[in-house]
Amino acid sequence: MSDLLRYKDIIFYRTLAGLKSEARRNHLGYLWFVLEPLLSTGVLYFAMSHLTGQRGAVAVFTILLGMLVWQWFEGSVMLSADSLTNKFHIHQQVPLPKYLFPLVDIGTNTIRFAFAFSIVLAACLFFGSGPSLTLLWLPLVLGLQLALITGLSLVVSISVTLLPDLRVLLQSGFRMLFFVSGIFFTAERVPAHLLPYFHANPVTVLIESYRAIILNHRAPDLALLGQTALTATAFLVLGAFIQTYFDKRLLKLTNV
Amino acid sequence: MSEALIQLENTGVYYRSGRARGPAGIASPWALRGLNLQIRRGEKLGIVGRNGCGKSTLLRLLAGIISPDEGSVRYARPGLHVQLLALGVGFEGHLSGAENAILSGLFMGKSRRHMESRLREIQDFSELGDAFHLPVNTFSSGMNARLGFSIALQTDPEVFLIDEILGVGDHAFLIKSQAAIREKFKSDTTVVLISHDARVIGDICSRAVWMNRGTILAEGDPADVCRSYESKR
Chain A
9 MSDLLRYKDI IFYRTLAGLK SEARRNHLGY LWFVLEPLLS TGVLYFAMSH LTGQRGAVAV
69 FTILLGMLVW QWFEGSVMLS ADSLTNKFHI HQQVPLPKYL FPLVDIGTNT IRFAFAFSIV
129 LAACLFFGSG PSLTLLWLPL VLGLQLALIT GLSLVVSISV TLLPDLRVLL QSGFRMLFFV
189 SGIFFTAERV PAHLLPYFHA NPVTVLIESY RAIILNHRAP DLALLGQTAL TATAFLVLGA
249 FIQTYFDKRL LKLTNV
Chain B
21 MSEALIQLEN TGVYYRSGRA RGPAGIASPW ALRGLNLQIR RGEKLGIVGR NGCGKSTLLR
81 LLAGIISPDE GSVRYARPGL HVQLLALGVG FEGHLSGAEN AILSGLFMGK SRRHMESRLR
141 EIQDFSELGD AFHLPVNTFS SGMNARLGFS IALQTDPEVF LIDEILGVGD HAFLIKSQAA
201 IREKFKSDTT VVLISHDARV IGDICSRAVW MNRGTILAEG DPADVCRSYE SKR
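Read top to bottom, the protein sequences are chains A and B.
In this note's numbering, each number is its position in the first sequence, counted from 1, plus 8.
In this note's numbering, each number is its position in the second sequence, counted from 1, plus 20.
It is worth saying that the hints were derived from the structure and are not from the lab.
Any given hint could turn out to be false.
Far from chain A, by Cβ distances over 12 Å, these chain B residues were calculated [as the list claims (entries may be wrong)]: (1) P49; (2) F111; (3) G113; (4) S160; (5) R247.
Quick list of in silico lysine to any residue cross-link-like pairs, SDA-like style, CA-CA up to 25 Å [what the hints assert, rightly or not]: (6) B/K204 x A/Q100; (7) A/K95 x B/E29; (8) A/K256 x B/S137; (9) A/K95 x A/F254; (10) A/K95 x B/N157; (11) A/K256 x B/K196; (12) A/K16 x B/L173; (13) A/K256 x B/A238; (14) A/K256 x B/D176; (15) A/K256 x B/R53; (16) A/K16 x B/A24; (17) A/K28 x B/G108; (18) A/K28 x B/E29; (19) A/K95 x B/K206; (20) A/K28 x B/E119; (21) A/K95 x B/A192; (22) B/K204 x A/D173; (23) B/K204 x B/A192; (24) A/K16 x B/L100; (25) A/K256 x B/G54; (26) A/K256 x B/D89; (27) A/K95 x B/G54; (28) A/K256 x B/R36; (29) A/K256 x B/K204; (30) B/K196 x B/Q174; (31) A/K28 x A/H97; (32) A/K95 x B/G72; (33) A/K28 x A/S48; (34) B/K206 x B/R53; (35) A/K256 x B/N157; (36) A/K256 x B/E29.
C-beta: ideal position from N, C-alpha, C; glycine also.
Isolated chain A (complex conformation) (with noise of 0.2 Å):
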């Protein structure tokens, strides 16, 4: 803890010359933070809506939240799994902790997602069925899903870089998770002795979470989110314990 206060202005720094270069090298800049989700969500919408016959306001925000939750999960663990490699040359010339790396692409990450999100939120609650005191549970939330995309991301970084075969293991398994995770369709279009398996993935859990508070005014579902907190938990302490045994010894066992 005491290192990641030492490491706050690295953080800090590095984060913020990842959102400007990012903004810098496209015309439309942060824009994009908002457009990008948006886009996904017509095409899914456009499909859904010709599936499934549900329309309106609450569809779009339904698949909206889903969208969003699902590129803050997927996209800041992706961009771990190449943070180390594609910053090799600083690890060979300083000692940094090499955590650092994928805390600063989560920073960017998270970023986009909060200015795409508060957006989202602000539509939702306009258009929707305005503000209620359920929001309150959306720290909650918003935490347990850092936590978990940390977790996950510790993990990941360190062994895409020994492995990098998993590399293309974990990109179709984010490819199978996008499907099944509930990010076009709600648990209600889930067979009943389906559900069980429905909700043991974390990201469900979560994106419904999001659905239950914002769009149903419902407090989320503590025993399912119980659930997602010891799994963040685990690939919490899981990527303590891997990031600190290889820290000093990635650069012996890779030739990157």
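Once you have looked at the hints, place chain B on chain A.
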């Protein structure tokens, strides 16, 4: 004899690539083996050796980038600032020269305040003028090297690790940068210089070590060590 800042005791490091594992490996995987070496406060230690003798591994080990697989590396105190002279560590193209100076300094273990207080010197030494506040991806490679060198010079580590005395930039700046490094050799900074050029080591170091295949072949007076190294080449 002055105090030892870094002490290597029977230190060994070996590399394993993901694929060449087990007895199939032909060459010994040990990059360093059975190394006993002291780096004392204020000394200018020169290390000579041919390519692949383990010099770069030794620098990484001293800088704390990798851990030993055998034996130990002991520092006089935790957090001793040992820094490799490296140019443009972590430069971000879209950030200005000044912003990169701070970022790069943070990477090299300095605080933001320290780097902010040295911005003036960095700008002056790099001779970048107003371009210092432009994004570095508008710089020529020479300007980039000048900036990188000027930043590295302002990091003031307790132990400076240098892999070959490299001058950078055009002729005038080359002379200036080499002079700046030689200046470090006159100050009381502890310096470890690695080179395959024995003459440089003989010229400016106070002690020399000759390395071959990850072990020390000779150690002592730079003139003596370099003479035996030259004669064996």
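* Does the structure break any of the earlier hints, and which numbers would those be? -> 1, 2, 3, 7, 8, 11, 13, 16, 18, 19, 21, 22, 27, 29, 34, 35
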